[in-house]
Amino acid sequence: MEFIKADKLTFEYKKTNDAGQEISTEAIKGVSFSIEKGSFVAIIGQNGSGKSTLAKNMNALLIPTTGKMYVDGIDTSDLTRLWDVRQRVAMVFQNPDNQIVSAIVEDDVAFGPENIGVDPAEIRQRVDAALSGVEMSDYRKKAPHLLSGGQKQKIAIAGAVAMEPECIVFDEPTAMLDPAGRQEVLNVIRKLNARGITAILITHFMEEAAQADQILVMDNGEIKMEGSPKEIFRRADELKAFCLDVPAPVALASALREKGIELPEDILTTEVLVEELIK
Amino acid sequence: MIEVKNLTHIYSEDLPHQQKALEDVSFTAGDGEFVGIIGHTGSGKSTLLQHLNGLLKPKTGTIIVDGLDITDKKTSMIEVRKKVGLVFQYPEYQLFEETVAKDVAFGPKNLGLSQEEIDERVRQSITAVGLDYDAIKNMSPFELSGGQKRRVAIAGVIAMNPDVLILDEPTAGLNPKAHQDILNLVTGIHGQGNRTVILVSHNMNDIARICDRVLVMDKGRLAMNGTPKEVFAREEELKSMGLALPDAAEITSRLRKAGMNINEICLTIEEAAEEIAKVRK
Numbered sequence: 071m072e073f074i075k076a077d078k079l080t081f082e083y084k085k086t087n088d089a090g091q092e093i094s095t096e097a098i099k100g101v102s103f104s105i106e107k108g109s110f111v112a113i114i115g116q117n118g119s120g121k122s123t124l125a126k127n128m129n130a131l132l133i134p135t136t137g138k139m140y141v142d143g144i145d146t147s148d149l150t151r152l153w154d155v156r157q158r159v160a161m162v163f164q165n166p167d168n169q170i171v172s173a174i175v176e177d178d179v180a181f182g183p184e185n186i187g188v189d190p191a192e193i194r195q196r197v198d199a200a201l202s203g204v205e206m207s208d209y210r211k212k213a214p215h216l217l218s219g220g221q222k223q224k225i226a227i228a229g230a231v232a233m234e235p236e237c238i239v240f241d242e243p244t245a246m247l248d249p250a251g252r253q254e255v256l257n258v259i260r261k262l263n264a265r266g267i268t269a270i271l272i273t274h275f276m277e278e279a280a281q282a283d284q285i286l287v288m289d290n291g292e293i294k295m296e297g298s299p300k301e302i303f304r305r306a307d308e309l310k311a312f313c314l315d316v317p318a319p320v321a322l323a324s325a326l327r328e329k330g331i332e333l334p335e336d337i338l339t340t341e342v343l344v345e346e347l348i349k
Numbered sequence: 002m003i004e005v006k007n008l009t010h011i012y013s014e015d016l017p018h019q020q021k022a023l024e025d026v027s028f029t030a031g032d033g034e035f036v037g038i039i040g041h042t043g044s045g046k047s048t049l050l051q052h053l054n055g056l057l058k059p060k061t062g063t064i065i066v067d068g069l070d071i072t073d074k075k076t077s078m079i080e081v082r083k084k085v086g087l088v089f090q091y092p093e094y095q096l097f098e099e100t101v102a103k104d105v106a107f108g109p110k111n112l113g114l115s116q117e118e119i120d121e122r123v124r125q126s127i128t129a130v131g132l133d134y135d136a137i138k139n140m141s142p143f144e145l146s147g148g149q150k151r152r153v154a155i156a157g158v159i160a161m162n163p164d165v166l167i168l169d170e171p172t173a174g175l176n177p178k179a180h181q182d183i184l185n186l187v188t189g190i191h192g193q194g195n196r197t198v199i200l201v202s203h204n205m206n207d208i209a210r211i212c213d214r215v216l217v218m219d220k221g222r223l224a225m226n227g228t229p230k231e232v233f234a235r236e237e238e239l240k241s242m243g244l245a246l247p248d249a250a251e252i253t254s255r256l257r258k259a260g261m262n263i264n265e266i267c268l269t270i271e272e273a274a275e276e277i278a279k280v281r282k
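Top to bottom, those sequences are chains A and B. Position in the first sequence counted from 1, then plus 70, gives you the working numbering. Position in the second sequence counted from 1, then plus 1, gives you the working numbering.
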């Protein structure tokens, strides 16, 4: 079942120049795609390709200029349904410091549910479940500013989970983290997805995108490639033209094939590459 | 040349939550050397950087840059800034002037240079970061793309003409191509003249490929100081500190553990392909 569906979606940013004229820039140029409920989709593309603009159209932070975005069948331009859309799709952004509002971890996670008037007893349950889901229960009484970047980002994710959304859009959640923090956040995303939450991950790390079910490649406001990680990362030359790359195991496998070592075409991960090489 | 001797720093000293952020850290970085610093979040990297350009003063220890003791309270901050330039994480957030040229000129202006000298430095440093001076000088920095903004911010530090250039995660949040462009820019700047360049990064592939030497910080101490091959040979220790190996080293290490006869520590995909091909043929 499709959960998110874009139909010829175009988005223009408008601004007024010094002479008072309105200038519009087309950030998304008539894209159509759909995302299945419960899937894990990665969106990759160079800076300025329209990824974040597209993400903001998924929970009605932005409304299409022309064309439509449907979330669980709801037209996001129907402003009477705004909160229905936002309740279904939560967002987690790049910088954890910009998303934390409280001085205590569990208060921060409770902020969203409190604002929509959830019953206090249920808030308690939701906060406990969300913190346990991101493996941060031990930190519930701590001050967020004393946590590492990866831990703060997990608190931001718990805040989104506490809203009980059906889908979470992660906009470069690991860009500011160290390797251990990146791994922790990615594990949490996969765990939430395994529990049935539709996960949409915008990232510049190709090895993160390789873990998704489906990849959308954006360039210049359009979706240029769409497919499984195996299908996408086989097309290294096209990716390079979009200023992207392939994960390290894919690059190494291709360098080895050039040296005459026979390897299957669809190697994506270190595990599979190692297995093939020691056969 | 930068000499760090027995540096110790304690946050909130004598308070219940006092924390030793640096403990007895000593190293030197020679003229023209390219040094990488890696470490888990909270390992003391940022505290160390803030000492290197005088933003923080140590509890004990000294930092000498080309004979100038920058930890001495009598040393003027202007002298320190002339010696050491620090490019912070996401430096584009610090752009503030009306035009690119004015923004880059801000630092040199504060050094009390002549207008001709300032103009010359602005032109040179904007060109050095790979931007077209004439096309961009009168633009607002806020009209530029993310990658261009970051270049302008780096130009602002280069315009101070520091002997030591420090960059904190200069490639964070960039796509693979822009990431590579900024790295090429940094190695290019390093190649001109005899500057010491210090790169702080979470990207082990970059550190392994471009640095002459790697410093590893852990719990406020300098845990390792060696060439990339020496440091990345110590896999178990690095992993216990929450760090990772470069991709090529990780893959070849797993092959080694699975019985493949690869002795070399491989830092790049090309090296790994070379070594694997040797044993597979």
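Misleading hints may appear alongside valid ones.
Claimed, not checked - Here are the simulated lysine-lysine pairs, DSS-like style, with alpha carbons at most 30 Å apart:
{"id": "1", "chain 1": "B", "residue 1": "K110", "chain 2": "B", "residue 2": "K58"}
{"id": "2", "chain 1": "B", "residue 1": "K220", "chain 2": "A", "residue 2": "K212"}
{"id": "3", "chain 1": "B", "residue 1": "K230", "chain 2": "A", "residue 2": "K349"}
Since the hints were derived computationally from the structure, they do not count as laboratory data.
Results of checking the hints against the structure:
1. K110(B) - K58(B): Roughly 25 Å separates the two Cα atoms, so the pair holds.
2. K220(B) - K212(A): Within the cut-off at roughly 20 Å; holds.
3. K230(B) - K349(A): 28 Å, holds
Hint compliance for this structure: no hint is broken.
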